[in-house]
Every structure is written in C-alpha cells, then in structure tokens.
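In the order they appear, the protein sequences are chains A and B.
Residue numbers for the first sequence follow this note's numbering, so the first one is 1 and each next one is one higher.
Residue numbers for the second sequence follow this note's numbering, so the first one is 435 and each next one is one higher.
Keep in mind that the hints were calculated from the coordinates and are not lab data.
Glycine included, every Cβ here is placed at the ideal spot set by N, Cα and C.
A couple of the hints might just be wrong.
Unchecked claim - Computed cross-link-like contacts, EDC-like style, restricted to lysine to aspartate or glutamate with a CA-CA straight-line distance of at most 16 angstroms:
(1) B:622 x B:600
(2) B:820 x B:791
(3) A:302 x B:615
(4) A:117 x A:99
(5) B:551 x B:615
(6) B:739 x A:129
(7) A:305 x B:791
(8) A:302 x B:655
(9) A:98 x A:192
(10) B:736 x A:129
(11) B:736 x A:346
(12) A:302 x B:732
(13) A:383 x A:353
(14) B:551 x B:533
(15) B:736 x A:353
What the hints assert, rightly or not - Distance windows between CB atoms, simulated:
(16) B:733 x A:388: 25 to 35 angstroms
(17) B:730 x A:325: 34 to 44 angstroms
(18) B:692 x A:70: 23 to 33 angstroms
(19) A:62 x B:739: 42 to 52 angstroms
2 protein chains.
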Amino acid sequence: MVAHAPQPTDDRSWKTLEIQSILNILFTYPPVSFPNMGKGGGEYLMSTSDQQLGSVGIVEPKSVTLAHPPDPLRLVCGRTLGPITVAYETYGTLTPEKDNAIFILHALSGNAHVAGKYANEDRNIGWWDSMVGPGKAFDTDKYFMICANVIGSCSGTTGPSSINPETGRPYALSFPMITIEDMVQVHKRLMDHLGIERLLSVAGGSMGGMQALQFAVSYPDLVESAIPIATTARHSAQNIAFNEVGRQAIMADPNWREGNYYDLESPNRGLAIARMIGHITYLSDESMHQKFGRRLQERLQKGFKFDIDFQVESYLQYKGARFTERFDANSYLYISKALDYFDLTEGVSSLAERFRDLKARFLVISFSSDWLYPTYQAKEIVKALKANGLHVVFCEINSAYGHDAFLLETEQESRLIRDFLAHTYTAVRNRRMT
Amino acid sequence: MVAHAPQPTDDRSWKTLEIQSILNILFTYPPVSFPNMGKGGGEYLMSTSDQQLGSVGIVEPKSVTLAHPPDPLRLVCGRTLGPITVAYETYGTLTPEKDNAIFILHALSGNAHVAGKYANEDRNIGWWDSMVGPGKAFDTDKYFMICANVIGSCSGTTGPSSINPETGRPYALSFPMITIEDMVQVHKRLMDHLGIERLLSVAGGSMGGMQALQFAVSYPDLVESAIPIATTARHSAQNIAFNEVGRQAIMADPNWREGNYYDLESPNRGLAIARMIGHITYLSDESMHQKFGRRLQERLQKGFKFDIDFQVESYLQYKGARFTERFDANSYLYISKALDYFDLTEGVSSLAERFRDLKARFLVISFSSDWLYPTYQAKEIVKALKANGLHVVFCEINSAYGHDAFLLETEQESRLIRDFLAHTYTAVRNRRMT
C-alpha cells in the first residue's frame with residue numbers, strides 16, 4: 001500500500017492509505033527527465049527488471065580526520081571528542097550547483113562501503129549495491145552519493161577500538177558514550193569538509209533511518225528530503241530489552257575484561273550470541289519458516305545431543321561467528337546503546353513538536369512483517385510530520401522478510417525512491433529558477 | 435472471540451469464529467449442576483469476581499519412585515532410564531468411580547506446586563493458584579487434581595541434577611535426552627501408581643499444552659478431554675532459534691564446564707541471559723510498552739554508562755538473576771531441547787493424520803498478543819482436530835499480555851474451562867448411565 005498520506009483524523013483514517021498497487025500510483029506521476037545527467041537520464045521510471053543496471057565499479061575507500069582540538073566534537077553526553085577520523089566513500093559527480101548530494105546512512109553493523117568493490121577480484125560488494133549505481137534508485141549518473149562509517153563503529157571511523165592519541169592505547173570503555181545525534185554531527189562535519197552546504201536527501205534503513213530523521217531535526221535548513229526506512233522515532237521497551245540481552249552476553253564473556261581485550265583474545269562468543277539475538281529480530285516468523293522450517297542440518301534424524309540439529313541453529317551460529325570476524329564487541333555495546341537512547345520525543349510534548357521546524361519532504365517506508373520496527377512506528381512518524389503540514393509519502397511494502405526487508409526488497413524500494421528523488425530534485429531546481 | 439469451531443473451508447471461514455463476547459455464548463450453555471459434589475456445586479457459572487473463591491489451603495509435596503529396573507522407561511531417543519523419582523501434588527478427592535481426575539501439565543520452568551502453600555506462613559503460593567481450588571475453574575470440590583514435575587526438570591523429579599544411582603554422581607550431560615512424549619510417559623506411570631485409569635481432562639499452557647496434546651495422542655483411550663492453552667503442535671524455526679541462543683548463552687558460560695558444575699559455581703550468568711531472552715518472548719511489545727515504556731530506573735537522566743538506564747533492563751536482569759536461584763542450567767538445556775524436538779507432524783503426512791485415533795473433546799485457547807505461539811498455530815491444531823470430526827471449542831482471548839497471558843488472564847480462562855469441564859463431566863456421566 002502506498003499513498004501520499006492524508007491528514008489522519010483517527011485510527012480508521014489509516015485505512016485510506018491501504019491502496020493495493022504501488023505501480024498504479026507511481027506510474028501516474030508525470031515523468032521527469034534529466035537531459036544533461038548522463039546515460040541513465042529519462043529511464044528512471046523503467047522497471048529495474050527491464051533495464052540493465054550498472055555498477056559504480058571500482059570504488060576507493062576514503063578517510064579524513066576532523067574535529068581537531070581546539071574544535072572537538074561536543075557530544076550529547078557532555079564530553080568532547082577529537083580528533084575524529086571518518087571513513088567514507090563517494091560515488092557520482094557533484095554538480096557545479098552542488099545540489100545533487102545524497103547522504104546514505106548505515107545500520108548498526110554497516111560501514112561506508114555502500115556500493116561497488118575495491119578491486120576487480122574483490123568479492124566484498126557494497127551492502128546496498130542493488131540500490132546505488134548508474135540507473136539504480138540512487139542513480140550515480142544523477143546524484144553525488146556519500147556514505148560514512150558512524151562514530152563509535154569499527155570500520156575506519158573513530159570508535160572504542162581506535163587509538164586514543166592522548167594515551168597511545170585503544171580507547172576501550174574510556175570512549176565517550178555516543179548518540180544518534182552525535183553520529184549526525186560528525187556527518188555534518190564531513191559535509192563541511194566536502195564543501196557541501198545542502199543535501200538533496202538523507203536516506204537509510206534501521207539505524208540509518210534514525211540518522212535520517214535526526215539529520216532533518218538537527219539541520220532542518222540543510223536537508224531537502226529524508227527517506228527513513230524500516231525505522232522508528234524512539235526505541236521501544238522491547239527494542240531496548242533485546243539490545244540489553246545482547247550487551248549482557250558480551251559483558252558476560254570472560255574475554256571481555258571490562259572492554260580491555262584489544263591485546264588479548266576477543267569476547268567473540270559473547271558477541272556471536274548478541275548477533276544471534278539480533279538476527280532473530282531481523283527475520284520474521286514467516287521468513288524463518290520459509291527459509292529453514294524444521295529442516296535438520298546435514299543429518300537424517302535428530303541427534304539427541306546439544307550440538308546442531310536444525311538448519312536454523314546452524315545458520316544463526318554461522319552468522320554469529322562470521323560477525324565476530326568483522327565487528328568489535330565494544331562498538332556493539334556503544335552503538336546498541338546509541339539505539340536505545342534514541343528518542344525524538346525526549347524533552348518535547350510530542351513527536352509533532354519535535355518536527356515543528358522541519359522543511360524537508362519525506363518518503364517513509366515500512367515493511368509488513370518487520371516486528372523490530374513495526375509499521376505502527378512508521379505511522380507515528382508520518383502522523384507527526386503531517387501534523388506539521390509537511391510533504392510526506394508513506395508506503396508499507398508487503399514483505400515476508402521482516403526487518404531485513406530493507407536490504408532485500410530493493411526492487412520495490414527502488415520504484416519508490418527513484419520517483420521520490422526525481423520529484424524532489426525537480427522541486428529544488430524549479431525553486432532556484434523562480 | 436469464541437465459538438464451537440466450524441469445519442473451515444478456507445482461511446476466510448475463520449472470520450466466522452470472530453464473535454465479540456465470550457459471555458454471550460457461554461451463558462447460553464445450559465447450566466449443569468453437581469448435587470453431590472460439595473460446596474462449589476451449582477455455582478460454576480458465576481463470575482469469578484462475584485464469588486468468594488477458596489484456596490486449596492495447605493498442601494503436601496509428594497514423591498514416588500517409579501520405573502525401577504527391570505522395567506525402566508524406554509525413551510524416544512532409544513535409551514532407557516530408571517528408577518525415576520516423580521515429584522507431584524494432588525488436591526481434591528477422587529470419586530469412587532475414579533472419573534474426576536484432571537492432570538495439570540506445567541510449562542518449561544514450572545513444577546508440581548500448582549495451588550495452595552506448604553505452610554501457613556509460606557509465601558510460595560502455587561503457580562496457577564487462581565485457577566485451581568474450591569469454586570475455581572479447576573474446582574477441587576468437584577475434581578481430583580494431579581500435577582507432576584516433568585522428567586528432566588529440577589523440582590523433585592529426576593533430571594540432570596539428580597544422582598545417577600549407578601555412579602553416585604549427578605547425571606549432568608550423561609542424562610538421556612528427553613522429549614515431550616517421554617514426559618507424558620512418566621505421567622502415565624504416575625497415573626498407574628495412583629490407580630487412575632482415565633483422566634477427565636489434561637490441561638496446561640505453553641509446554642503444558644504440548645503435553646496435553648501429546649497425552650491425547652499417546653493415550654487416546656485414557657483421555658476424555660484436553661485443554662491445550664497458548665501452545666503449538668510443533669516448535670517453529672523462530673521458537674527453535676530463541677531456544678538455541680539461550681542454550682548457547684548457558685554453554686558459553688565458563689562455569690558450565692560441559693555440564694559438570696554441580697560441586698562448583700553454577701553457570702548462573704549464562705542461565706540468566708537465557709531466561710532474559712525467554713522473558714522477552716513471554717511478553718508482548720504492547721505489554722512491555724505499558725509496563726516499562728522508556729522509563730528510567732531510579733535516575734532522572736540517562737547515565738551514559740553500560741549499567742542499568744531503563745526499567746526494562748532492571749526488570750530483565752532481576753528476573754534472570756532470580757531464576758538462577760531456583761532452576762538448574764542443565765535442566766534448561768534438556769527441557770528447551772524437548773520443546774524444540776516437539777513436532778506432532780513428524781512421521782505423518784499431516785497433523786490431521788496424527789490426530790486420527792483421538793477421541794477426546796478439546797478446548798483450545800490462544801491469546802491475541804502471544805507471538806511465541808501465535809493464534810495461527812492454535813488454529814492449525816483446531817483445523818486438524820475438526821478434520822477428524824472431533825468436538826472442539828476454540829477461543830482466542832484478547833489480551834495485551836503476550837504469551838504470559840495464560841498465567842494472567844485467569845478470569846477469562848476460568849469462564850471457558852469451568853464450562854468446558856462441566857459439559858465434559860456431564861457427557862462422561864451420561865455415557866455411563868446409558
């Protein structure tokens with residue numbers, strides 16, 4: 001179901017949003033052409049399955065160190081931090097008007113490597129490659145794409161595993177607590193470094209969606225549009241509960257050593273358990289049934305032991321173990337806490353009040369089987385935006401994939417995003433011409 | 435919604451079950467009186483809130499040792515086990531006809547102590563005390579109630595923490611893997627010991643509901659009726675996944691020592707984490723929001739540390755820690771595995787085929803916000819029962835309490851169960867008279 005969200009009067013009015021076909025609506029939009037924007041121009045309304053979409057190809061990991069003293073980052077927790085190294089990537093070309101920059105924001109365990117690969121033989125393809133590239137939803141023939149690893153993480157941006165220049169040792173738990181607001185502060189510093197004053201859009205799923213919302217709140221004058229996907233305006237008690245159990249699993253691992261494990265064995269078993277819990281919340285009952293059911297793993301009958309019987313056990317253990325190869329346990333603690341602290345209603349009477357100064361256009365996307373950030377939470381965002389008279393497109397995509405759908409339902413997302421960005425860009429250019 | 439389930443023809447036919455008021459239907463049932471059954475007789479249709487319901491009072495924990503060699507229990511896993519000590523309790527009086535015995539079956543962490551207390555000052559009141567007692571749903575003025583701690587557990591019945599008579603040491607992981615079918619086998623041995631040939635009903639929630647179903651399947655001639663509540667005919671991939679993460683948390687605890695911890699420190703931290711995961715699945719998003727929301731625990735603002743910020747964190751840690759005082763980590767492993775192994779469709783083409791020889795009447799109860807064993811799983815049971823022409827009453831009780839509702843929505847459950855048992859008992863007595 002998809003529609004420009006009407007101003008709701010009561011809960012039943014949401015039923016007016018339940019329109020069956022996405023295509024019927026999207027294809028009635030007047031097509032917008034981009035005559036001077038490269039080979040993808042004019043093709044953006046084509047079905048992704050009908051066209052040959054390109055890759056951004058070989059991309060280059062970039063890095064910059066910002067927030068040098070005496071101008072460190074002032075964090076929400078009250079502490080300061082600097083210098084801060086930021087790992088980022090960019091694809092596409094910034095227009096002379098600098099009006100086509102889009103900031104992609106990643107989820108808990110993500111990184112700056114959204115699209116492409118680092119070498120011809122590289123199998124490490126960007127995490128949203130199907131969404132970002134020539135002719136794709138985030139069309140690199142039209143838009144200048146930016147993505148940066150968030151502060152607190154472990155993929156090139158300063159986090160608890162980074163060396164504290166004052167001590168020459170990893171920060172570990174001396175790293176200050178960070179928030180979604182702090183992540184966005186760092187993104188803003190990167191914009192300054194890149195000489196970009198305004199963003200055509202900010203977009204991301206899950207924690208990326210929270211950053212998109214926070215971007216629009218923190219810098220209402222710098223953001224033309226925002227695309228929060230599979231996300232929420234505040235972590236629920238259930239969200240906090242799952243994260244807390246994951247943190248407990250990490251901190252219960254004897255190798256965690258109050259966070260001081262960088263010269264020693266890592267708390268991989270605890271981190272793997274935290275990731276296994278997370279994975280269950282990323283899938284749905286239905287998708288787990290379809291993917292695994294009760295099928296046994298490489299055996300004909302139950303083993304009557306405590307090793308692996310079922311495929312779902314094997315999958316979770318594999319995913320948990322693989323995660324420890326690329327992620328830092330302390331970063332998991334810090335970022336999961338940032339998620340739990342996220343609450344856009346804090347200090348205001350309502351979410352609508354928080355959104356009072358916003359100017360951006362919004363495309364809000366949720367997924368029917370996402371029980372981590374269910375559709376009702378997306379609707380709370382939409383209602384609060386509409387209460388401020390903002391332009392909002394809302395869509396709940398039918399999907400069995402649960403929360404992971406934001407990484408998997410890229411064809412449906414692409415139709416929505418491609419169109420939304422085209423209209424936003426037209427509006428921006430029209431405004432400048434008048 | 436409640437109704438005698440019609441034979442469904444397709445998914446939409448379930449809508450015919452959606453009848454708003456439970457009372458309207460229940461109170462049209464002809465009242466059944468029990469002239470010789472004590473002070474509760476004739477009052478069973480009264481609202482529980484309108485009447486003064488009694489307690490079973492001081493009860494006595496009982497114990498018997500069964501399955502002595504050369505007649506040990508033959509387990510599903512292929513091994514034998516015996517002797518087996520069974521902890522159990524009984525309340526009420528068995529009729530001379532021995533036609534009023536009801537077996538209550540407990541959930542994962544339950545025990546035989548369903549109702550009453552062991553001494554006047556005892557604060558350890560039975561886990562379903564609001565359901566079992568004079569004038570209550572399981573009316574001890576009418577029925578003879580039995581409950582036994584399941585095999586593999588740690589509250590008096592033989593389990594991994596029990597002494598293996600062959601070695602003089604706790605079984606630990608040498609204890610054989612047990613199944614729901616094995617639990618029910620032991621219950622049958624207890625029936626034999628008590629001289630009870632037939633049960634008026636078998637009833638329980640969660641794992642207790644699985645035992646109720648298994649009872650009707652294993653001993654179709656011995657069971658007049660069954661009341662499976664908040665349960666499933668087979669553990670789903672998501673159910674298995676949550677249990678597997680809990681097991682991993684226990685086995686990752688260095689104090690677990692491959693199960694050989696009985697002379698040493700217990701793996702309490704791992705067990706607490708397993709219980710925390712379980713607790714999240716027992717509640718609902720809504721009930722957690724109502725109970726905790728984002729309220730902070732004994733502080734005015736976020737701590738920006740990894741200790742407790744939110745009430746929900748405090749609650750889970752408290753529940754996890756308390757659980758380790760009364761439960762054995764190895765028992766958690768064994769019983770959670772028995773849950774995961776439970777699949778009544780194994781070895782048959784359908785659940786309906788599995789139910790082919792059944793004769794019992796059924797009352798199937800689910801709860802609207804139970805996402806551990808959602809209503810669709812209860813409906814699968816009901817459909818398969820109805821496919822065999824069995825008498826089935828099905829009710830989904832509207833509740834925000836999630837899976838825990840089976841322990842909390844006792845007033846609504848009582849109305850259904852009281853009536854269902856009365857009709858079943860009348861049918862049994864009428865059959866004998868004709």
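Status of each hint after checking the structure:
no.	hint	result
1	B:622 x B:600	25 angstroms, violated
2	B:820 x B:791	13 angstroms, holds
3	A:302 x B:615	15 angstroms, holds
4	A:117 x A:99	26 angstroms, violated
5	B:551 x B:615	30 angstroms, violated
6	B:739 x A:129	36 angstroms, violated
7	A:305 x B:791	31 angstroms, violated
8	A:302 x B:655	29 angstroms, violated
9	A:98 x A:192	12 angstroms, holds
10	B:736 x A:129	37 angstroms, violated
11	B:736 x A:346	11 angstroms, holds
12	A:302 x B:732	48 angstroms, violated
13	A:383 x A:353	12 angstroms, holds
14	B:551 x B:533	26 angstroms, violated
15	B:736 x A:353	22 angstroms, violated
16	B:733 x A:388: 25 to 35 angstroms	32 angstroms, holds
17	B:730 x A:325: 34 to 44 angstroms	36 angstroms, holds
18	B:692 x A:70: 23 to 33 angstroms	56 angstroms, violated
19	A:62 x B:739: 42 to 52 angstroms	33 angstroms, violated
Hints 1, 4, 5, 6, 7, 8, 10, 12, 14, 15, 18 and 19 from the earlier list are contradicted by this structure; the remaining hints agree with it.
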